[in-house]
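Peer 1: My request is simple: use the sequences and hints to build the entire structure.
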Amino acid sequence: MIEWLSMALLLVGAFFFFAGTVGLLRFPDVYSRLHALAKADNLGLGCVLFGLALQAESLAAALKLLLIWPLVMAASASIGFAIARRAHRLGIAPWRKGGQ
Amino acid sequence: MTTLMLAVALFLLANLVLALIVAARGPTPADRMLMALLIGTTGTGILVLLAQTMHLPALVDVALVLALLAAIGGIAFARRAWQVVEGKHD
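Heads up: the sequence lines are chains A and B, in that order.
The opening residue of the first sequence carries number 1 in this note's numbering; numbering runs sequentially from there.
The opening residue of the second sequence carries number 1 in this note's numbering; numbering runs sequentially from there.
Honestly, I wouldn't trust all of these hints.
Simulated pairs of lysine to any residue, SDA-like, Cα-Cα distance not exceeding 20 angstroms [to be verified]: (1) K64/A with L69/B; (2) K97/A with H35/A; (3) K39/A with L9/A; (4) K39/A with A36/B; (5) K39/A with L11/A; (6) K64/A with M54/B; (7) K39/A with F11/B; (8) K64/A with H55/B; (9) K64/A with I2/A; (10) K39/A with A23/B; (11) K39/A with I39/B; (12) K64/A with A58/B; (13) K39/A with D29/A; (14) K97/A with H55/B; (15) K64/A with N42/A; (16) K39/A with L66/A; (17) K39/A with L20/B; (18) K39/A with L64/B; (19) K64/A with G43/B.
Calculated from the structure, these hints are not laboratory results.
Peer 2: Rendered as structure tokens:
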């Protein structure tokens, strides 16, 4: 049971990493690409870490794995804010449908 | 199970190769920086997977350091390095 759950979580995590990469490739401007990157950071890495923590040998090892996740979430939230604010200050206009 | 974990790690590595295209063509420096941040996150995932499959718990520490360095790099880029817009943004 735990094996299957862990397997499913790993696959879901891989999917979100892929979605983040495709979003980074396809989205038109910095702001929407930040959004795509946050998916890979939060959900992709989170699912992979949960899947691995389920089959860790000890509780301490599992908790250590799960400790990475809040760190990455806090980092990606603050990086997203900082880069978006900087882009706004530098005058990069958000993308609009049908051109400017 | 080990096979699946190694397959997922290989898949993440292939994702990184794909993301290098973004770095090559990104119109603003921020797009290239986002790719570096993605490499940080995906590298963390790959290292954690390898720590489990190869029974090397030290790799989890390496993953933690990589996540931390990506965060510091991103903040330093946004606050200090990104001053002017190079090239037009379309």
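Peer 1: Taking the hints in turn, state whether each one holds.
Peer 2: Each hint tested on the structure:
1. K64/A with L69/B: The hint holds at about 18 angstroms.
2. K97/A with H35/A: Roughly 17 angstroms separates the two Cα atoms, so the pair holds.
3. K39/A with L9/A: The hint holds at about 15 angstroms.
4. K39/A with A36/B: With a Cα-Cα distance of about 15 angstroms, the restraint between K39/A and A36/B holds, given a limit of 20 angstroms.
5. K39/A with L11/A: holds (15 angstroms)
6. K64/A with M54/B: The given pair, whose Cα atoms are some 17 angstroms apart, holds under the 20 angstroms limit.
7. K39/A with F11/B: holds (17 angstroms)
8. K64/A with H55/B: holds (15 angstroms)
9. K64/A with I2/A: Given that 20 angstroms is the threshold and the Cα spacing comes to 19 angstroms, the pair holds.
10. K39/A with A23/B: The hint holds at about 19 angstroms.
11. K39/A with I39/B: holds (14 angstroms)
12. K64/A with A58/B: holds (11 angstroms)
13. K39/A with D29/A: The hint holds at about 16 angstroms.
14. K97/A with H55/B: It is violated: about 50 angstroms lies between the C-alpha atoms, which goes past 20 angstroms.
15. K64/A with N42/A: holds (17 angstroms)
16. K39/A with L66/A: The hint holds at about 17 angstroms.
17. K39/A with L20/B: holds (18 angstroms)
18. K39/A with L64/B: Measuring from Cα to Cα gives roughly 19 angstroms; hence the hint holds.
19. K64/A with G43/B: The hint holds at about 17 angstroms.
Violation of the numbered hints given earlier is confined to hint 14; every other hint is satisfied by the structure.
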